[in-house]
Amino acid sequence: MELLKLDIDSFEERIFKNGENCLVIYSRKTCKECKIIVPMLEELSELYTDGSFNFYRVDVEEQVPLYKRFPLKGVPSVLFFGQGQKLGKLAGMIEEEDVLEKIEELY
Amino acid sequence: MEKYDLLICGAGAAGMTAGVYGGRARLKTLILEKGVVGGTAYSTRELANYPGFYAEDVSGPFLMKQMAKHAERFGTKIIKENVIELDLEGDTKVVKCKKGREYGAKALILAFGTEPRLLGIPGEKELRGSGVSYCATCDAENFEGDIVAVVGNGDAALEEAMFIAKFAEKVIIIVIHDEGIVDCNKVSAEKAFKHPKLEFVWNTTLAEIKGDEEVESIVMRNLKTGENTERKVGGVFFYVGLVPQTACVKDKLEMNRQGYIITNEKMETSVPGVYAVGDCREKYLRQVVTAAGDGATAAVAAEKYLEEVEEYEDMLQEDKKILLGFWSPLSQLSIEALSRSEQIIAEYEDAAKLYKIDLSRKQMLAYKYEIKEPASFVLLSKNAVIDTLHASNPDTLEATLRTWLA
Numbered sequence: 303m304e305l306l307k308l309d310i311d312s313f314e315e316r317i318f319k320n321g322e323n324c325l326v327i328y329s330r331k332t333c334k335e336c337k338i339i340v341p342m343l344e345e346l347s348e349l350y351t352d353g354s355f356n357f358y359r360v361d362v363e364e365q366v367p368l369y370k371r372f373p374l375k376g377v378p379s380v381l382f383f384g385q386g387q388k389l390g391k392l393a394g395m396i397e398e399e400d401v402l403e404k405i406e407e408l409y
Numbered sequence: 247m248e249k250y251d252l253l254i255c256g257a258g259a260a261g262m263t264a265g266v267y268g269g270r271a272r273l274k275t276l277i278l279e280k281g282v283v284g285g286t287a288y289s290t291r292e293l294a295n296y297p298g299f300y301a302e303d304v305s306g307p308f309l310m311k312q313m314a315k316h317a318e319r320f321g322t323k324i325i326k327e328n329v330i331e332l333d334l335e336g337d338t339k340v341v342k343c344k345k346g347r348e349y350g351a352k353a354l355i356l357a358f359g360t361e362p363r364l365l366g367i368p369g370e371k372e373l374r375g376s377g378v379s380y381c382a383t384c385d386a387e388n389f390e391g392d393i394v395a396v397v398g399n400g401d402a403a404l405e406e407a408m409f410i411a412k413f414a415e416k417v418i419i420i421v422i423h424d425e426g427i428v429d430c431n432k433v434s435a436e437k438a439f440k441h442p443k444l445e446f447v448w449n450t451t452l453a454e455i456k457g458d459e460e461v462e463s464i465v466m467r468n469l470k471t472g473e474n475t476e477r478k479v480g481g482v483f484f485y486v487g488l489v490p491q492t493a494c495v496k497d498k499l500e501m502n503r504q505g506y507i508i509t510n511e512k513m514e515t516s517v518p519g520v521y522a523v524g525d526c527r528e529k530y531l532r533q534v535v536t537a538a539g540d541g542a543t544a545a546v547a548a549e550k551y552l553e554e555v556e557e558y559e560d561m562l563q564e565d566k567k568i569l570l571g572f573w574s575p576l577s578q579l580s581i582e583a584l585s586r587s588e589q590i591i592a593e594y595e596d597a598a599k600l601y602k603i604d605l606s607r608k609q610m611l612a613y614k615y616e617i618k619e620p621a622s623f624v625l626l627s628k629n630a631v632i633d634t635l636h637a638s639n640p641d642t643l644e645a646t647l648r649t650w651l652a
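Order-wise, the sequence lines are chains H and E.
Heads up: the first sequence at position 37 corresponds to 339 in my numbering, and the numbers run straight through without jumps.
Heads up: the second sequence at position 58 corresponds to 304 in my numbering, and the numbers run straight through without jumps.
Next comes chain H alone, as it looks inside the complex:
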């Protein structure tokens, strides 16, 4: 399932106002690793269809102000949020297991 793309308004709404437990993958079209990791997350997201944990995506080229909001040093980067707080981060070439472990650890 394709991940919902966030813009500055929907980010504000879901992450800060609603305080959703979720992850956000920051990616860009020209990045090779992103093209491996985004589909991996798309598949993982199907394990969480009950709404307890959500998966989102930010295209850093389309959403420059949103990208600047958290100081990231590269793509792909995955940020984990809950109760309106940034709880954790994974960066670089990550595997399915890394994401599952992080979710286990944080929520």
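One or more hints might be untrue.
The calculated DSSO-like cross-link candidates involving lysine-lysine, where the alpha carbons are at most 27 Å apart (straight line), are [said to hold, decoys possible]:
no., chain 1, residue 1, chain 2, residue 2
1, E, Lys614, E, Lys567
2, H, Lys404, E, Lys344
3, E, Lys345, E, Lys496
4, E, Lys412, H, Lys331
5, H, Lys307, H, Lys404
6, H, Lys331, E, Lys345
7, E, Lys249, E, Lys274
8, H, Lys404, E, Lys566
9, E, Lys280, H, Lys331
10, E, Lys478, E, Lys529
11, E, Lys614, E, Lys512
12, H, Lys370, E, Lys456
13, E, Lys566, E, Lys529
14, E, Lys478, H, Lys391
15, H, Lys319, H, Lys404
16, H, Lys331, E, Lys315
17, H, Lys370, E, Lys443
18, E, Lys456, E, Lys496
19, E, Lys602, H, Lys370
20, E, Lys440, E, Lys478
21, E, Lys443, H, Lys388
22, E, Lys274, H, Lys404
23, H, Lys331, E, Lys326
24, E, Lys315, E, Lys326
Far from chain H, some chain E residues (derived; all Cβ distances over 12 Å) [as the list claims (entries may be wrong)]:
no., residue
25, Val378
26, Gly505
27, Gln578
28, Asp604
29, Ser627
If you want the ones that stay clear, here's a sample from chain E, every Cβ over 12 Å from chain H, calculated [claimed, not checked]:
no., residue
30, Arg270
31, Glu331
32, Asp333
33, Ala386
34, Asp429
35, Lys498
36, Tyr530
37, Gly539
38, Tyr613
39, Glu619
40, Thr649
Think of the hints as simulated: they come from the structure by calculation, not from any bench.
We treat Cβ as the ideally placed atom computed from N, Cα and C, and that holds for glycine.
Given chain H's structure and the hints, the job is docking chain E onto it.
Using the frame of chain H, we list chain E on its own:
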């Protein structure tokens, strides 16, 4: 298992060219790609020397998208699959993918490509994505106003350093060689030396990357003095060469010490029906243009191989005894021997059949029956080898044939 005529692992320049040729030869062709369609060339902003594409605005992504369209236009399919295991033992080669799907074909072209080499220094793995990067296109703009280090001195290192300098305040280039020596092409090297934001540090390697959450500083070691220097940087980009992504065929194919697959000029590997192309094979020049050449060669070789396999399978359907006659237009002896055996076989046409194999064009059966030279014959009965002989003496040949056929 989904069956194809030709499977290609990897959708870079080599794999997609093979896809163009395979599709055009009307082979049912499938390309499997785990990441980006376009391979290494996809992350090249400027392609300077792919013949015919010289305009300023020809980028890697542009050319690679064209190649993908080209392959697909001829009927080749490109799908997203992560190949994890290959079974090369049988006549049908089986490709196993991460999600459990399997694909099979009698001919297989491996276009695995390469990945960046890791130096394995402290901090490199831990800070990957948090300041350590292998892709300037992806990450350079995160270093607006920062000091950034680039490790390496080849084409990619210097060209990418100049790109990073569009954002960074200063770029430190760490070069292992003596002052003034770089492995980069002259045009880019001259530009880099004159660039006001680039600072070259000679005779030096990177020893460590420091930082808790993100890169904060680097430790450089001077090879002449042995002295370590620490500098504050916001990021480190690595361009220290590439390694072939051939782990899944280790011990299954002949490789060199660095893990590059060894092929002959037809791109054949040590296993018949399996070809290796592009950056993952041992070769002199790794460029889009040579990758494309490899792909074309392998696809044509695979097409011929598949024809042979088909002929062979038809032959095995025969009830008659079979005589395989290996000849070559360059061997007069083989031409005469073949002509003689043809006359003899004609007398027994209800019981036996002759298959002529031109060794200069076809090697599959020669490989299978370990035939090294022309004017050799293999006698088969019910698919079993009864005898193998060389026709150095025409009389012996005739006598042996008659005894066998009688």
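Structure-based check of all given hints:
1. Among the hinted pairs, Lys614/E with Lys567/E is consistent with the structure: their alpha-carbon atoms are about 18 Å apart, no more than 27 Å.
2. Between Lys404/H and Lys344/E the CA atoms are separated by roughly 22 Å; this keeps the pair inside 27 Å, and the hint holds.
3. With a C-alpha separation of about 21 Å, the suggested pairing of Lys345/E with Lys496/E holds against the 27 Å cut-off.
4. Note on Lys412/E and Lys331/H: the hinted pairing holds, with a Cα-Cα distance of about 20 Å set against a maximum of 27 Å.
5. Of the supplied pair hints, the one linking Lys307/H and Lys404/H holds, its CA atoms being roughly 22 Å apart against a limit of 27 Å.
6. As the CA atoms of Lys331/H and Lys345/E are separated by approximately 24 Å, the hinted pair is consistent with the 27 Å bound.
7. The straight-line distance between the Cα atoms of Lys249/E and Lys274/E is roughly 9 Å, inside the 27 Å bound, and the hint therefore holds.
8. A distance of roughly 67 Å separates the Cα atoms of Lys404/H and Lys566/E; the hinted pair therefore is violated under the 27 Å criterion.
9. For a cut-off of 27 Å, the pair hint linking Lys280/E to Lys331/H stands: about 16 Å separates their Cα positions.
10. Proposed proximity of Lys478/E and Lys529/E is contradicted: the alpha carbons are some 39 Å apart, above 27 Å.
11. With a CA separation close to 18 Å, the supplied pair Lys614/E and Lys512/E stays within the 27 Å bound.
12. This hinted pair checks out: Lys370/H and Lys456/E have alpha carbons roughly 23 Å apart, not beyond 27 Å.
13. Proposed proximity of Lys566/E and Lys529/E is contradicted: the alpha carbons are some 46 Å apart, above 27 Å.
14. Taking the CA atoms of Lys478/E and Lys391/H, the gap is about 23 Å. The hint holds against a cut of 27 Å.
15. Using a Cα cut-off of 27 Å, the hinted pair Lys319/H and Lys404/H holds, with the two alpha carbons roughly 23 Å apart.
16. Under the criterion of a C-alpha separation no larger than 27 Å, the hint pairing Lys331/H with Lys315/E is consistent with the structure, at around 18 Å.
17. Between Lys370/H and Lys443/E, the direct Cα distance comes to roughly 24 Å. Compliance with the 27 Å bound is thereby established for this hinted pair.
18. Among the hinted pairs, Lys456/E with Lys496/E is inconsistent with the structure: their alpha-carbon atoms are about 35 Å apart, more than 27 Å.
19. With a C-alpha separation of about 71 Å, the suggested pair Lys602/E and Lys370/H falls outside the 27 Å cut-off, and the hint is violated.
20. With a C-alpha separation of about 23 Å, the suggested pair Lys440/E and Lys478/E falls inside the 27 Å cut-off, and the hint holds.
21. For the given pair, Lys443/E sits about 35 Å from Lys388/H by alpha-carbon distance, which is inconsistent with the 27 Å threshold.
22. In summary, the hint linking Lys274/E to Lys404/H is not supported, as the alpha carbons are separated by about 43 Å, beyond the 27 Å threshold.
23. Restraint check: the Cα-Cα separation between Lys331/H and Lys326/E comes to about 16 Å, which is no more than 27 Å; the hinted pair holds.
24. Between Lys315/E and Lys326/E, the direct Cα distance comes to roughly 16 Å. Compliance with the 27 Å bound is thereby established for this hinted pair.
25. With a least CB separation of 8 Å from chain H, Val378/E falls inside the 12 Å interface cut-off, contrary to its annotation.
26. Listed as a non-interface residue, Gly505/E keeps its Cβ farther than 12 Å from every Cβ of chain H; the least gap is roughly 19 Å.
27. Remark: the non-interface label on Gln578/E is consistent with the geometry, its nearest Cβ contact in chain H lying 56 Å away (cut-off 12 Å).
28. Against chain H, the non-interface label of Asp604/E holds: every CB pair exceeds 12 Å, the least being about 45 Å.
29. With a closest Cβ-Cβ approach of about 53 Å to chain H, Ser627/E is found to remain outside the 12 Å limit, as its non-interface label requires.
30. The claim that Arg270/E lies off the interface holds: its Cβ sits roughly 27 Å from the closest Cβ of chain H, which is beyond the 12 Å cut-off.
31. Every beta carbon of chain H lies more than 12 Å from that of Glu331/E, the smallest distance being close to 17 Å; the non-interface claim holds.
32. Residue placement check: Asp333/E keeps its beta carbon more than 12 Å from all beta carbons of chain H (closest about 24 Å).
33. Listed as outside the interface, Ala386/E is inconsistent with that label: its C-beta sits roughly 9 Å from the nearest C-beta of chain H, within the 12 Å cut-off.
34. Once the 12 Å rule is applied to beta carbons, Asp429/E is consistent with being away from chain H; the minimum gap is 23 Å.
35. Every CB of chain H lies more than 12 Å from the CB of Lys498/E, the least distance being 24 Å, so the non-interface label holds.
36. A cut-off of 12 Å between C-beta atoms confirms that Tyr530/E is not in contact with chain H; the least separation is 25 Å.
37. For Gly539/E, the shortest C-beta to C-beta distance to chain H comes to about 24 Å, beyond the 12 Å cut-off, and the non-interface label holds.
38. With a cut of 12 Å on Cβ distances, Tyr613/E stays outside the contact zone with chain H, its closest approach being about 37 Å.
39. No beta-carbon of chain H is positioned within 12 Å of the beta-carbon of Glu619/E; the least distance is around 48 Å.
40. Every C-beta of chain H lies more than 12 Å from that of Thr649/E, the closest at about 63 Å, which supports listing it as non-interface.
In terms of the numbered hints stated before, the structure departs from hints 8, 10, 13, 18, 19, 21, 22, 25, 33, listed from lowest to highest.
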